[in-house]
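K.L.:
Sequence:
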Amino acid sequence: MCGKSRAMSAEETEVTAQKDEAAFRRDYPVVWWLTLVGPFVLTCGILFAVWELAGPKAAWRLVSTAVATFFFFGKFVILGGSEGDLLNARGFYTAEQLVVFVLCMDLMTACVLAFHLGFLFRLPVVGEKLKALVDDGQFILQSNRWMKRTTFLGLVVFVMFPLAATGSVGGSIFGRLLGVSRVGTFLGIALGNALGCAVMYFGSELITRYVGRDNPFLLIGGIGVVT
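Take 25 as the starting number for the sequence shown in the numbering used here and just add one per residue.
Keep in mind that a hint or two might mislead.
Unchecked claim - Mimicking BS3-like on lysine-lysine, the simulated pairs with C-alpha atoms at most 25 Å apart in a straight line are:
id, residue 1, residue 2
1, K172, K81
2, K155, K172
3, K153, K43
4, K153, K172
5, K172, K43
Simulated from the structure, these hints should not be mistaken for laboratory data.
Modelling step: build the complete structure from the supplied sequences, incorporating the hints.
P.N.:
Spelled out as structure tokens, the structure:
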């Protein structure tokens, strides 16, 4: 499942990914379409259900939370979960809801990226961003050479830590650099995200118990960590 452990350059990664993508589409056309289109259809279905059951305001709040989570907060959004009076007064999500939210979003992102990295390399703007993430992955590999030897475990650890270059996007590229298969990359991302969300969830519980969510130093510290 894990394959070879030699890291590849940005150019090699792009060429190899595109060749594998072409072979994948030729040999498994049904799986190719399901993994590419399925996450988008499922996302639209969830938004439609929320719109119908809870109203437009709830649907737009879900979209805004997704955008903020994907582009800024990442797993750290779980630390902002509310409970009790805060939940009722401000309309925040609970920490449990945010865990499910982050896991679902990461899994759908991983499904597209882990199986279709070669296709995404061809997109005008996205492709260049992915190449930049390849360089980030190479830097992490050079700094942590043990990841080359452990492959799948290295991928899980990489995704688990809530850093700027990690997550489903960075994990898909990192899996490619480590030579992990599509299925192995998806499973590694899923496991790493689950462990990372668990760490954030229990961190959220500790904040509620010992610090308090309205503490101004928590807000300042959280912004500093994210940036």
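K.L.:
Name the hints, by number, that the structure is in violation of.
P.N.:
Hint 1 is the one this structure does not satisfy, whereas the remaining hints hold.
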